[in-house]
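Asks: Sequence lines, in order, name chains R and D.
Mind the numbering: the first sequence is residues 0 to 490 in numbering that gives the first Met the number 0, read in order.
Mind the numbering: the second sequence is residues 0 to 490 in numbering that gives the first Met the number 0, read in order.
Honestly, the hints are just simulated from the structure, not real lab data.
Fair warning: there could be bad hints in the mix.
Heads up, the list lumps identical chains together, so a pair's fine if it works in one copy or across two of them.
Said to hold, decoys possible - Here are the simulated DMTMM-like pairs of lysine to aspartate or glutamate, each with C-alpha atoms no more than 20 Å apart in a straight line:
#1 382 with 9
#2 86 with 99
#3 103 with 115
#4 56 with 45
#5 261 with 155
#6 369 with 198
#7 319 with 470
#8 21 with 140
#9 369 with 433
#10 132 with 26
#11 369 with 322
#12 56 with 337
#13 103 with 82
#14 86 with 101
#15 308 with 87
#16 325 with 57
#17 31 with 115
#18 382 with 287
#19 103 with 114
#20 207 with 399
#21 308 with 286
#22 427 with 366
#23 86 with 108
#24 2 with 198
#25 261 with 52
2 protein chains.
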Amino acid sequence: MAKDIATRAENYPEWYNDLVLKAGLADYSAVKGCMVIKPYGYAIWENMRDVLDRRFKDTGHQNAAFPLLIPKSFFSREAQHVEGFAKECAVVTHYRLMNDPDGKGVVVDPTAKLEEELIIRPTSETIIWNTYKDWIQSYRDLPILINQWANVVRWEMRTRLFLRTTEFFWQEGHTAHATAEEAIAETEQMLDIYAEFMENFMAVPVIKGRKTESERFAGAVETYTVEGLMQDGKALQMGTSHFLGQNFAKAFNVQYLSRESKLEYVWATSWGVSTRMMGALVMVHGDDDGLIIPPRLAPYQVVIVPIFKNDEQLALITEKVNEIRKALQAQGIRVHYDARDNNSPGWKFNEYELKGVPVRIAIGPRDLEKGTVEVARRDTKTKEIWEMATLNDRVAPLLEEIQTSLYNRALKVREESSHYADDYARFKEIIANEGGFVYAHWDGTAETEAKIKEETKATIRCIPLDAPEEDGVCIYSGKPSKQRVIFAQAY
Amino acid sequence: MAKDIATRAENYPEWYNDLVLKAGLADYSAVKGCMVIKPYGYAIWENMRDVLDRRFKDTGHQNAAFPLLIPKSFFSREAQHVEGFAKECAVVTHYRLMNDPDGKGVVVDPTAKLEEELIIRPTSETIIWNTYKDWIQSYRDLPILINQWANVVRWEMRTRLFLRTTEFFWQEGHTAHATAEEAIAETEQMLDIYAEFMENFMAVPVIKGRKTESERFAGAVETYTVEGLMQDGKALQMGTSHFLGQNFAKAFNVQYLSRESKLEYVWATSWGVSTRMMGALVMVHGDDDGLIIPPRLAPYQVVIVPIFKNDEQLALITEKVNEIRKALQAQGIRVHYDARDNNSPGWKFNEYELKGVPVRIAIGPRDLEKGTVEVARRDTKTKEIWEMATLNDRVAPLLEEIQTSLYNRALKVREESSHYADDYARFKEIIANEGGFVYAHWDGTAETEAKIKEETKATIRCIPLDAPEEDGVCIYSGKPSKQRVIFAQAY
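Please model the complete structure; the sequences and the hints are all you need to start from.
Replies: Structural data, given as structure tokens:
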């Protein structure tokens, strides 16, 4: 490992941080818990955003922007909501600085104190429902299908790049409906969109399920989740979709006149995925040599590295590369040509391995003579010599093959890390030694859930949507149960 | 004016607000000075963003994301910068709420006070240069060409939708260079990109120029600006591009080892345009019937309205419209078909006039028989009957014609509102009565500039880049001057 990164076996958390920092995804900042997303990381995030945004629009949603700041009193309107978020709110109390009367620098101007403090949004249900109140009068105004791409702030004590940061980026959809059925259908539709995106673009298999009451979003009637499994056997909640019932409509008094001229409360959903997905991408696919970015999200799908000893050779190679590149780009393939002369080919090979570029093509003077290129796959680290003339036919299928292969590999890891436990001793043994998802019976009580969490650090990731009914007994209490739920330690 | 909007002649500011609110661009929010950008407004902003983003990337820039919050002490590092922004900073002092011990609601937890207060970024030079310090060691690390699309907060006392809001959206480019020449070239390049975008997409003619010292960005060596003229004769600063010299490099101690192995301070630029441009779009093109959105930025370029008396008629029309729509969409034209049955065609005509959709096509049963449609232009409010079969050939050219025509109309207004003043009496008369741009000689001193501003509310919008040298005397002081500058009252 010439790249000075920890191996997964040695130190998984350190390996993760090394990849994020050294591959140029993100960096620490001067503000505790806030990160800088660097250009390479941001380019991946943009690709994620573009795919999701297209899906949101195709299902009738529109983007909008609501204020960053929320009056403090709004949080108290919905009892569970404030309970869930009050402890992690960044609070704006003043609106002006002044020169320090004692000398240098600036201090907060004590005369510029806000009458009511403002909270930097940790999520936007309250400010949005306070706005929807003005937008909704009649059934004709429904549904409202709005999404926003935004930054939010939750004051976290322990942070990790992408996985848990004080400021993070996400999209939050907030919809309003005339009926519960329609709102539930929306909640499920968005969960499906998330799952499809994660599996087909991120190449991360996910399990769709419902959260238990104690793991629900603060203010939700039902929280749906998509759960992924990382290589270290820990789960990651990849996205959530909430059926909010009429909780926010009641808290903000949002009623509409129905077709039957009755005044009814509106039904709500909200749903979001965040830059946390970047962490999953690293942890599901990366290896000890660096990132592996699935082709459909890779900023560069192909990198071309020239092998040359002098300017003449480089000029000849570049001429050929320009042809190749143009032809591949015409197919919509994202190609990067790295002809910098201050780094050796070996250094570049390492660099693009670290950055996880799916396909690397190397071309030297001998290749020009013979009409060949060397094609290396990042996922399998295999190399082949190809006829240059076949690139145009073979690169796109290769990228698709890598995409599929990454998904299958991740699915295999998940399957190998999925266990069934029928008694608590075995359950504890799996959680302590092997990790992964554990399918087990649970009696449905918050008490049992809390006890298991306390004793094993494993939480119920979800009650899977597609699980069969099955009679059993709770691994902890021995009480009867109708369905297995999925336990795991989680990020 | 059935739409219940003020006319420009009656009350220009009210007309502006009516258009923004009633056409669905934006709304007020519960937080003083912060707005909600509604879906229709946001769709225009997305189109602006996509065009600009493409141009930034084509000139080698990459997007990234830096923290929303900036340590207070960072502002004091650059003396002019803190002077410029200290008075309008939103300050985060606490990071937790708690239940109000006196009863209901939540209060700020006094024990959760930050050691150092954090400022919500009003602009990001300080946090970014503090980061660049870690990224730049050698000339090999330069240039850094980064942009971010972000929200910023400046605590404004008097706000107006889009034109001046407490929170606004913008892009801010921040680049680092090895030489002053390269940084100046970057500053000029970005100004050109802005001007090209504004003229070719917004259809707003702009004047490129330099700001006077007193109007410069806080911390800049030179500020370039693009200035537009609104229909009421007031100027609007549409975007700025700053050459920052080595000011921030020195403030944050950012040095690089040159090719000659000497330690040198880095040269900087920053440049930005914001949601303010939305205000210009409204004010330059709108008329007393509503918005007029230039086709290249219009979320819908064409709206099709069916004229029908019953479901059978609607079904027949819809069948035909689907063909038309498909053919137009295949050309990349953005088409909206409004077949809602709860609003009359007349209501829809009004609505899409208000929203400024460039082209409206109406189709009724008689049109089906005759193979015709009614095509209405929003800019000229003219209507024509076209053969249905010609739509495919004629719509795209019509959109281009509207685009050009809007630009020419705006240019004509600007030319008619551009004046030359050679003495102060005439100058005051123009500013007081006609408004517009006034080209006048100025002695180059901040004192004269301040006096003129105090007496007439007119400021120097810019020292135009392309103005000829011309001997003259300052309208105020009578001292010699070599070039006319442009004065105007401004937003």
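Asks: Hints first: check each against the structure and report whether it holds.
Replies: Tested hints:
1. Proximity of residue 382 to residue 9 under the C-alpha cut-off of 20 Å is found in neither arrangement, the shortest distances being 28 Å within a copy and 74 Å between copies.
2. For the homomeric pair residue 86 and residue 99, the shortest alpha-carbon distance between copies (13 Å) is at most 20 Å, but the shortest distance inside one copy (31 Å) is not.
3. Within a single copy, residue 103 and residue 115 get their C-alpha atoms only as close as 30 Å, which misses the 20 Å cut-off; across copies the closest is 15 Å, which meets it.
4. Taking identical chains as interchangeable, the C-alpha atoms of residue 56 and residue 45 lie at most 20 Å apart whether they share a chain (16 Å) or sit on different chains (13 Å).
5. Taking the shortest alpha-carbon separations for residue 261 and residue 155, neither the intra-copy value of 44 Å nor the inter-copy value of 43 Å comes in at or below 20 Å.
6. Taking the closest pair of Cα atoms, residue 369 and residue 198 never come within 20 Å of each other, the shortest separation being 40 Å inside a single copy and 51 Å across copies.
7. For the identical chains of this complex, residue 319 and residue 470 are neighbours neither inside a copy (66 Å) nor across copies (57 Å), given an alpha-carbon limit of 20 Å.
8. In this homomeric assembly, residue 21 and residue 140 come within 20 Å of each other (Cα to Cα) only across copies, at 15 Å, whereas the closest approach inside a single copy is 50 Å.
9. Neither within a single protomer nor between protomers do residue 369 and residue 433 lie at most 20 Å apart by alpha-carbon distance, with minima of 51 Å and 75 Å respectively.
10. In this homomeric assembly, residue 132 and residue 26 come within 20 Å of each other (Cα to Cα) only across copies, at 13 Å, whereas the closest approach inside a single copy is 40 Å.
11. In the homo-oligomer, the alpha carbons of residue 369 and residue 322 lie at most 20 Å apart inside one protomer (16 Å), although the nearest pairing across protomers, at 52 Å, exceeds that limit.
12. In this assembly of identical chains, residue 56 and residue 337 lie within 20 Å of each other by CA distance solely across copies; the values are 17 Å between and 36 Å within a copy.
13. Taking the shortest Cα distances, residue 103 and residue 82 sit within 20 Å of each other only across copies (13 Å), while inside one copy they are farther apart (41 Å).
14. Taking the shortest alpha-carbon separations for residue 86 and residue 101, only the inter-copy value of 18 Å comes in at or below 20 Å, while the best intra-copy value is 34 Å.
15. Neither within a single protomer nor between protomers do residue 308 and residue 87 lie at most 20 Å apart by alpha-carbon distance, with minima of 57 Å and 57 Å respectively.
16. For the identical chains of this complex, residue 325 and residue 57 are inter-copy neighbours only, at 16 Å across copies versus 31 Å inside a copy, given an alpha-carbon limit of 20 Å.
17. Proximity of residue 31 and residue 115 under a CA criterion of 20 Å is satisfied inter-copy only: 11 Å between copies versus 26 Å inside one chain copy.
18. Taking the shortest Cα distances, residue 382 and residue 287 sit within 20 Å of each other inside one copy (18 Å), while across copies they are farther apart (67 Å).
19. For the homomeric pair residue 103 and residue 114, the shortest alpha-carbon distance between copies (18 Å) is at most 20 Å, but the shortest distance inside one copy (28 Å) is not.
20. When the C-alpha separation of residue 207 and residue 399 is checked against a cutoff of 20 Å, the pair qualifies neither within a copy, at 25 Å, nor between copies, at 48 Å.
21. In the homo-oligomer, the alpha carbons of residue 308 and residue 286 never lie at most 20 Å apart, since the shortest distance is 32 Å inside one protomer and 65 Å across protomers.
22. For the homomeric pair residue 427 and residue 366, neither the shortest alpha-carbon distance inside one copy (57 Å) nor that between copies (75 Å) is at most 20 Å.
23. In the homo-oligomer, the alpha carbons of residue 86 and residue 108 lie at most 20 Å apart only across protomers (9 Å), although the nearest pairing inside one protomer, at 26 Å, exceeds that limit.
24. Taking CA atoms no more than 20 Å apart as the test, residue 2 paired with residue 198 passes in neither setting, with 30 Å inside one copy and 49 Å between copies.
25. In this homomeric assembly, residue 261 and residue 52 never come within 20 Å of each other (Cα to Cα): the closest approach is 35 Å inside a single copy and 48 Å across copies.
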